[in-house]
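Undergrad: Here is what each chain is made of, one letter per residue.
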Amino acid sequence: MSEAPLVSIENLTISLPGNNGGRLFPVRDVSLSIGAGEIVGLAGESGSGKTITALSLLGLLPPGGRMSGHIRFGGQDLLTLRPREMADVRGRDIAMVFQDPMTALHPMLSIEKQLTEHLRHHRGIDARAARTRAIELLELVRIPDAARALKRYPHQFSGGMRQRIAIAIALCCEPQLLIADEPTTALDVTVQAGILRLLQQLRGELGLSVLLITHDMGVMSALSDRVVIMYAGRVVETGTRTDVLQHPRHPYTHSLLGALPHEQGDDMLLQPMRGTPPSIGALPPGCPFHPRCDWAEGRCRDIEPGLRVVEADRGIACVVDPLVGVPA
Amino acid sequence: MSLLEIRGLEVTYAGHAGTRVRAVAHADLDVEAGQIVALVGESGCGKSSLGKAAVGLIAPSAGSIRFGGEPLDPLKRGGRPKAQRKLQMVFQDPFSSLNPRRRIGDLIAEGGRVASEAGETPMSVGECLERVGLSAAFADRFPHQFSGGQRQRIAIARALAARPRCIVADEPISALDASAQAAVANLLVSIVRDLDMGLLFISHDLAIVRSIADVTSVMYLGKIVESGSSAAVWRDPLHPYTRSLIAAIPRPDGKGTLPRDLPGDVPDPAHPPAGCRFHPRCPSVMAVCREREPQREALQPLRTAACFVASTANPAHDRPVATNFVA
Numbered sequence: 097m098s099e100a101p102l103v104s105i106e107n108l109t110i111s112l113p114g115n116n117g118g119r120l121f122p123v124r125d126v127s128l129s130i131g132a133g134e135i136v137g138l139a140g141e142s143g144s145g146k147t148i149t150a151l152s153l154l155g156l157l158p159p160g161g162r163m164s165g166h167i168r169f170g171g172q173d174l175l176t177l178r179p180r181e182m183a184d185v186r187g188r189d190i191a192m193v194f195q196d197p198m199t200a201l202h203p204m205l206s207i208e209k210q211l212t213e214h215l216r217h218h219r220g221i222d223a224r225a226a227r228t229r230a231i232e233l234l235e236l237v238r239i240p241d242a243a244r245a246l247k248r249y250p251h252q253f254s255g256g257m258r259q260r261i262a263i264a265i266a267l268c269c270e271p272q273l274l275i276a277d278e279p280t281t282a283l284d285v286t287v288q289a290g291i292l293r294l295l296q297q298l299r300g301e302l303g304l305s306v307l308l309i310t311h312d313m314g315v316m317s318a319l320s321d322r323v324v325i326m327y328a329g330r331v332v333e334t335g336t337r338t339d340v341l342q343h344p345r346h347p348y349t350h351s352l353l354g355a356l357p358h359e360q361g362d363d364m365l366l367q368p369m370r371g372t373p374p375s376i377g378a379l380p381p382g383c384p385f386h387p388r389c390d391w392a393e394g395r396c397r398d399i400e401p402g403l404r405v406v407e408a409d410r411g412i413a414c415v416v417d418p419l420v421g422v423p424a
Numbered sequence: 409m410s411l412l413e414i415r416g417l418e419v420t421y422a423g424h425a426g427t428r429v430r431a432v433a434h435a436d437l438d439v440e441a442g443q444i445v446a447l448v449g450e451s452g453c454g455k456s457s458l459g460k461a462a463v464g465l466i467a468p469s470a471g472s473i474r475f476g477g478e479p480l481d482p483l484k485r486g487g488r489p490k491a492q493r494k495l496q497m498v499f500q501d502p503f504s505s506l507n508p509r510r511r512i513g514d515l516i517a518e519g520g521r522v523a524s525e526a527g528e529t530p531m532s533v534g535e536c537l538e539r540v541g542l543s544a545a546f547a548d549r550f551p552h553q554f555s556g557g558q559r560q561r562i563a564i565a566r567a568l569a570a571r572p573r574c575i576v577a578d579e580p581i582s583a584l585d586a587s588a589q590a591a592v593a594n595l596l597v598s599i600v601r602d603l604d605m606g607l608l609f610i611s612h613d614l615a616i617v618r619s620i621a622d623v624t625s626v627m628y629l630g631k632i633v634e635s636g637s638s639a640a641v642w643r644d645p646l647h648p649y650t651r652s653l654i655a656a657i658p659r660p661d662g663k664g665t666l667p668r669d670l671p672g673d674v675p676d677p678a679h680p681p682a683g684c685r686f687h688p689r690c691p692s693v694m695a696v697c698r699e700r701e702p703q704r705e706a707l708q709p710l711r712t713a714a715c716f717v718a719s720t721a722n723p724a725h726d727r728p729v730a731t732n733f734v735a
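Top line first, the protein sequences correspond to chains V and W. Here the first sequence is numbered in my numbering, starting from 97 and rising by one per residue. Here the second sequence is numbered in my numbering, starting from 409 and rising by one per residue.
Okay, chain W solo, but in the shape it has when bound:
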């Protein structure tokens, strides 16, 4: 049993003229204690919808989410069940996620109220601030007195005050400058390791993910198309989409080589292509890809992909679908 266990998750939104848009289509994902799992993909792939459903901010239309073994209910007006308060979220933009009119000490203490209500001693404001590398003396200041990187540390401190067992962070470093990105990414790693927490790290940046996450899952148009240890996914991507994504990253090596582009646009999620959702853009498309939708299968030990091309190249591995592992 994983700390956070997502099975067959479906998230649908109402589209134009009564259509339903399937933002997340049958996703399985696990996060263990002490583990960083990255969910990567381009805009509109459903990664944020998955993250919000994982903390109960939106109601899934099907599937199950279990946290610490208990089913997780969507957030209601009356607040959330006590057990779920150990699951916290950190958002992308630390300029809008912190109330500008409140002192950061109060903001963090409010995060701690969650722990007190659950009958636990919250982490003190000073301890939270020091844990994220800020001085305890900053508690009297307001958010505008801090840089973007410092604000994101404050948002993390607020999540820590609740003594969470798992954090879902949606693009927590994308809004920051490169020098601050590295520092906040390393901070998240040290928190996860020291406090034995789980972290679901949602990002569009594969290179950052490669350097901090244990496991990487790649999403395309609502589906998780590949998953495995970050090093393996980066070194030897199985799914053609993952390959295209990695090849598209421009490298700062001074060589002046253009990254490879992936022709075509992401299709409208309200009308996904028949068969494999990636087939209209896939450089290795086969006839079967246009007709049937590939299922995720274990192609190598501890690695899964949903791709006919990859499964032809990697003859069936006689293991059950493994989504639940520590790298």
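With the rest of the complex left out, here is chain V:
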């Protein structure tokens, strides 16, 4: 990218208090960037560190969490901000939608109250202007009959509509970056397709940047421009959507795609990956993926590979690099 990216995470390491006074490192030396109007997909299995990486952008860590590195956003380093300053960035410049729209919305408050409260807090506008803006926002997320919808409560909407409302609330203050953490995981596929379309429309209409966190490689493929694959707290592969999904170069990405149902001639194949992801408290020495890797060599037990650039806009963290030039 020639222009400076909107967000750039550099060498981010997060530590949390562990048992017996030790510390755990759910995220280690992670770097990634998101350009203006770009959708970046962050994928990995549960426990890979993708959600906590996203929460760090909002300055939200579990109690006792510490961060090092840099998160550059709009000319400042978010890690140097005071809590008050961070609170202003959060919700205004960077907003988030979560997996479960039922728990993200307050069940006892009308949609109008939830939308306008946010607007009045961050924008300081009067009730009438807030209501007008709330209707615009519901229309933006394609809620039919927006004026009437304002009077209703979350339980009166379906899961897909609730997620649209949660997105509308996130968009109240015209954020530059939307973090969407598994935004469609709780939804049925036909409804999921509608939310994916909406996110793509919003990117086009508002120039919104999106960090899409998902474990679903199909969802990632539908929406992302670039993808970042995490394993055991580290970025193992990054590149354009087409490159990574069609020609995965890190053995983990390759195995992850092989474990999904894929057609081969007339058959659908499922090739499971060996073993289970390591727990962050007990990482194997060397490359954290080596015990499950079909290409592991002796040196993989000794060296933990860092992410290195192998071609333009393509990085992998693997010293063996066995898949270079191998078709998917």
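Any given hint could be a false lead.
Some, not all, of what chain W presents toward chain V, calculated at C-beta under 8 Å [stated by the list, open to error]:
#1 Ala-586
#2 Ala-639
#3 Ile-657
#4 Asp-661
#5 Gly-662
#6 Lys-663
#7 Thr-665
#8 Asp-669
Computed list of chain V residues with no C-beta within reach of chain W, every gap over 12 Å [as the list claims (entries may be wrong)]:
#9 Glu-99
#10 Ala-100
#11 Glu-106
#12 Pro-113
#13 Asn-115
#14 Leu-151
#15 Pro-159
#16 Gly-160
#17 Arg-180
#18 Arg-186
#19 Lys-209
#20 Arg-224
#21 Lys-247
#22 Gly-411
#23 Val-420
#24 Gly-421
Calculated lysine to aspartate or glutamate pairs in the EDC-like style (CA-CA distance at most 20 Å, straight line) [to be verified]:
#25 Lys-663(W) to Asp-409(V)
#26 Lys-494(W) to Glu-478(W)
#27 Lys-663(W) to Asp-321(V)
#28 Lys-663(W) to Glu-359(V)
#29 Lys-663(W) to Asp-339(V)
#30 Lys-663(W) to Asp-312(V)
#31 Lys-209(V) to Asp-241(V)
Derived by calculation from the structure, the hints in this document are not laboratory data. Remember, it's a predicted structure, so these values are computed and weren't measured experimentally. The beta carbon of each residue, even a glycine, is placed where N, CA and C say it ideally should be.
The hints should help you fit chain W onto chain V, whose structure is shown.
TA: Leaving out everything else, chain W in the frame of chain V:
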């Protein structure tokens, strides 16, 4: 006679203000020994209600369920009739289906008690564990010492201890990570083949179903709308709902194409639309669809669908309604 034979099954629940919600409406389904039958559909379509009725966990309001030729009675306080104990269930969430305070050896042995009470030798704990790809040495451990995928293997081992002839598994892999999903799915396939068991696999994930099930039945709002061999249903869906469901699956092909969405929401099952239940969302709706409810008919050999559009496109097949076949 199929191993598990469901005919005209109705499950109704009490709704608001005295209304009745028909969660399952006149469903026919068969599972043969050595066969994997998938029941797919979106949330609220009635697939879990059908599964629970199939093992006797809820009482159907009409219809019949026969297991091994014998009528299956709903579960009562005094336990279940011996013959029915050969029908076991595996649930979605292995975190809540295993008692956290008991060692997994005890949990599995308890499954085996069912076989002993029926006068059979249960499968030993070690054998069960090895059968699901875990070490027999794990018997002394507790559920929290295992990952999600391993816990689901333990739940399957517990079902196997009873030497079942058929397992009903409700979303058994949905709570697992992709790498564990593939392994548990393949494990279920190998168990069914090796032990010549029947498996009713309830899932919302058509792509997984396509890769493991012999037969796929698709449910929408309480009704089975299409059924056939998994490969045929996937390749050439007859019912517009099945087509929409397949088109909505995002594919990890790196092409950046958005999956197709299906406008509208699933209607309230307490007040299903008149005529075909899918007509308000159907892209190929015809006038007749708003008036009459289509019945399931055999449209191609070994394939059924309940759809006027599909039956117009596939002129009547002069076979009886075939629900009972091995793919």
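Undergrad: Taking the hints in turn, state whether each one holds.
TA: Hint-by-hint comparison with the structure:
A distance limit of 8 Å between C-beta atoms decides the matter here; for Ala-586(W) the minimum to chain V is near 5 Å, and the interface restraint holds. Satisfaction of the interface hint for Ala-639(W) is found here, the shortest Cβ-Cβ separation to chain V being roughly 7 Å, below the 8 Å cut-off. Taking 8 Å as the C-beta contact cut-off toward chain V, the hint placing Ile-657(W) at the interface holds, the least distance being around 6 Å. Satisfaction of the interface hint for Asp-661(W) is found here, the shortest Cβ-Cβ separation to chain V being roughly 6 Å, below the 8 Å cut-off.
Interface hint at Gly-662(W): satisfied, since its Cβ lies 3 Å from the closest Cβ of chain V, which is below the 8 Å cut-off. Because the closest C-beta pair between Lys-663(W) and chain V is about 7 Å apart, less than 8 Å, the hint holds. For Thr-665(W), the shortest C-beta to C-beta distance to chain V is roughly 7 Å, which falls under 8 Å, so the interface hint holds. Because the beta carbon of Asp-669(W) sits about 4 Å from the nearest beta carbon in chain V, less than 8 Å, this interface hint is met.
Once the 12 Å rule is applied to beta carbons, Glu-99(V) is consistent with being away from chain W; the minimum gap is 22 Å. Distance check on Ala-100(V): its Cβ is at least 25 Å (rounded) from any Cβ of chain W, clearing the 12 Å threshold; non-interface status holds. The Cβ of Glu-106(V) sits about 27 Å from the closest Cβ of chain W, beyond the 12 Å cut-off, so the non-interface label holds. Its beta-carbon lying about 20 Å from the closest one in chain W, Pro-113(V) satisfies the requirement of being farther than 12 Å from that chain.
Separation of Asn-115(V) from chain W is adequate, the least Cβ-Cβ distance of about 14 Å exceeding the 12 Å criterion. The Cβ of Leu-151(V) lies farther than 12 Å from every Cβ of chain W, with a closest approach of about 20 Å, so its non-interface assignment holds. With a minimum CB-CB distance of about 22 Å to chain W, Pro-159(V) clears the 12 Å threshold, and the non-interface call stands. Against the 12 Å criterion, Gly-160(V) stays outside the reach of chain W, whose nearest CB is about 22 Å from its own CB.
The Cβ of Arg-180(V) sits about 39 Å from the closest Cβ of chain W, beyond the 12 Å cut-off, so the non-interface label holds. No beta-carbon of chain W comes within 12 Å of the beta-carbon of Arg-186(V); the shortest separation is about 29 Å. Even its closest Cβ contact with chain W, about 24 Å, leaves Lys-209(V) beyond 12 Å, as expected for a residue assigned away from the interface. Every C-beta of chain W lies more than 12 Å from that of Arg-224(V), the closest at about 32 Å, which supports listing it as non-interface.
With a closest Cβ-Cβ approach of about 19 Å to chain W, Lys-247(V) is found to remain outside the 12 Å limit, as its non-interface label requires. No beta-carbon of chain W comes within 12 Å of the beta-carbon of Gly-411(V); the shortest separation is about 17 Å. Val-420(V), annotated as away from the interface, keeps every beta carbon of chain W farther than 12 Å; the closest lies near 17 Å. With a cut of 12 Å on Cβ distances, Gly-421(V) stays outside the contact zone with chain W, its closest approach being about 17 Å.
Between the alpha carbons of Lys-663(W) and Asp-409(V) the distance comes to roughly 17 Å, so the proposed pair stays at or under 20 Å and holds. As the CA atoms of Lys-494(W) and Glu-478(W) are separated by approximately 12 Å, the hinted pair is consistent with the 20 Å bound. Straight-line distance between C-alpha atoms of Lys-663(W) and Asp-321(V) comes to about 10 Å, which keeps the hinted pair within the 20 Å bound. Distance hint between Lys-663(W) and Glu-359(V) is fulfilled; the C-alpha atoms sit about 16 Å from each other, no more than 20 Å.
Restraint check: the Cα-Cα separation between Lys-663(W) and Asp-339(V) comes to about 10 Å, which is no more than 20 Å; the hinted pair holds. At roughly 15 Å between alpha-carbon atoms, Lys-663(W) and Asp-312(V) fall within 20 Å of each other, so this suggested pair holds. At most 20 Å may separate the alpha-carbon atoms for a hinted pair to count; Lys-209(V) and Asp-241(V) meet this at roughly 17 Å.
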